[in-house]
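Trainee: Chains as they are written, first to last, in the numbering used here: chain V, 1 to 434; chain L, 435 to 659.
Nothing false has been slipped in among the hints.
Beyond 12 Å from chain V on every Cβ pair, some chain L residues (computed):
1. E446
2. E524
3. Y540
4. E544
5. V556
6. R605
7. V606
These stretches of chain V come out as covered by chain L in the derived footprint (C-beta under 8 Å, 3 or more residues):
8. 196 to 204
9. 235 to 249
Computed beta-carbon distance windows for the label pairs:
10. D657/L - R250/V: 23 to 31 Å
11. G469/L - T2/V: 21 to 29 Å
12. Q362/V - T647/L: 38 to 46 Å
13. R112/V - R554/L: 42 to 50 Å
14. T647/L - A43/V: 40 to 48 Å
Hints in this document: simulated from the structure, not taken from any laboratory.
Just so it is clear, CB atoms sit at the ideal spot from N, CA and C, and this is done for glycine as well.
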Amino acid sequence: MTPDHSYVLRTVEERGVRFVRLWFVDVLGLLKSIAIPASELEAALEEGVGLDGSALEGSARLHERDVIAHPDPRTFQVLPWRPGSLVARMFCDVRMPDGSSFAGDSRSALRRVLGQAADLGFTFQVGAEIEFFLFDEPSDGELPRPLDDGAYFDLTPLDAASDFRRRTIEYLEQMGIPVKASHHEVAPSQHEIQLQHTDALSMADAVTTFRLAVKEVAREDGLHATFMPKPLDEHSGSGMHVHLSLFGDRGNAFHAPDGDGPLSELGHAFLAGVLAHAGELTAVTNQWVNSYKRLATGFEAPEQVCWTRHGRSALVRVPSNRPGKEAAARIELRSPDPSCNPYLCFALVLAAGLRGIERGYQLPPEVDDVPPAAATRLPEDLREATDLFDASELARDALGDRLCDWYVRNKRAEWAEYRGKVTEFERHRFLRLL
Amino acid sequence: MSDVWIYAPAPEQAVIPAQLLAELGYAPRRLEVNGSLRPDGGGSRPPALAFVVASGASAAAACECLVRLREDEALTDLPLVVAVEPEQLESGPELLDAHELIVTPYSAEELRARIARARRQVHGIEDGDVVRIGALVINLATYQVHIGGQPIDFAYMEYELLKFLATHPGRVFSRESLLSRVWGYDYYGGARTVDVHVRRVRAKLGPEHGRITTVRSVGYRFDDD
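Isolated chain V, as found in the complex (with noise of 0.2 Å):
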């Protein structure tokens, strides 16, 4: 038995856990969970707990086939919002029977092209802000109605959920994800929490744990949190701008202290590289229909493909605010959503950036303010966004076929079934008018 193992064993002992929960996440990213005894915990450990693998391809299954989730002991944690009966939690890793990785598990892929990170000598680093959403939960059908009127950075008694973001922040460093800052944002009962950056494996369990942990507070007080990309019309949508970086032997190799631009050689490659391939990333960073209503009104959110050190809604902003810390040199992607798959997001991403270090892209001129008209725009809707990441060459060789596949099922259903949906808009516009 592996010291990880005993250390896992022994704790559920002497802490009396009763259950544990095996956490994997579909292909959409979505959070899904198999619970076990803890007598069940030591052969899980072993041998892994099997499993149907269609339940990882999101709701376009196809057919069943075996799986083995296997517990990644490391990730062992108790559950901080279960105090009076306790539960722990593991990530898994999902693989065939032969032990070779599932082609549809995103942590997996997310794994793979961290290990081509590795060849080249680095490791990948991401912190995240998230915002969120918090509303009345909805009864009657009724609409759901935002919970406070506080602005942005009121953290005075009337702001009804400053003590709702203190308790998230106890669970969340409870659960080993610590927070850099959280405040109010922009539109009413819209909050955001930024997460310390971390290795891009560890980030992508820390989403899928925050969006829970969020959830569990929110249900506390009969609330509802949501990661919805744009819930209101008229207000700005949520985000998840992720802070990006690549650590080598020598540091954070996006710094150059005496370089001509904001960062490194290889950071401007790098940059480049998500530049050049945006459009194929756009439908994992913005997965939903809803996403591409945040991207289309404004509110800061990006639209175009460039780069700024000083404007507001460019799709990647270079921090410039420390340029002597050596820390502090990273690029921020502002376009994902907080309900993307976080690990397919990371995995993408960086793999285009990969790809603009190892070919050598060039990076475009920095954009300062208004983007010029010329500039290559994001995809407008999902279905634009999926027809390029169904033909991106990139998107195959880093994620996989399989993978590639199951995902655009799943986002070619997701479009057909809202192109038949007739909307408030239409009925608001043409139904007296016509």
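Based on these hints, arrange chain L on the given structure of chain V.
Mentor: Same frame as chain V, now just chain L:
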């Protein structure tokens, strides 16, 4: 379960110590007394103990092995136990480089006591010990950490990092040395990993128990008071 690396001149000379060590709950692993100090495949974390068998004609090689173990910078703080036949006690002054010496034949009980003495010499603590620093209590046998009686739930590597720092109080460790000694030589993740884990441990301990001090441009130190 902790690893023990057994350095023996021939496989059969490792059999008895391996059995006894396994009985005591260790995971023994045999290495050549003349060969590499680390197991094949890049090696893993330093073990809990190095056990050197000095017997017959190979006593000189065992002495040399002890010297190499002591001089290996990444293995400082590794408790060394040497097993000697009565006739080999005069083999060389290097035998005294070991933290503890045991004369064959010996029982599992004696071995347990000798290991405990060796570990205590190096760490000042034993595996079964409880480390108390102010309100912080770390039970090394059960892996449980409490502050003021309240359990704190650490993930495995967070626990290992806290344990290492708390059992070496007052000493400054670079990120690189923490990586090799807590994560192991084969771990790929870079020095960033250490910062990230320190931050997680600090967040769980809470600001009022912030005993892990960042030593600027060097690394980290655990303050016991």
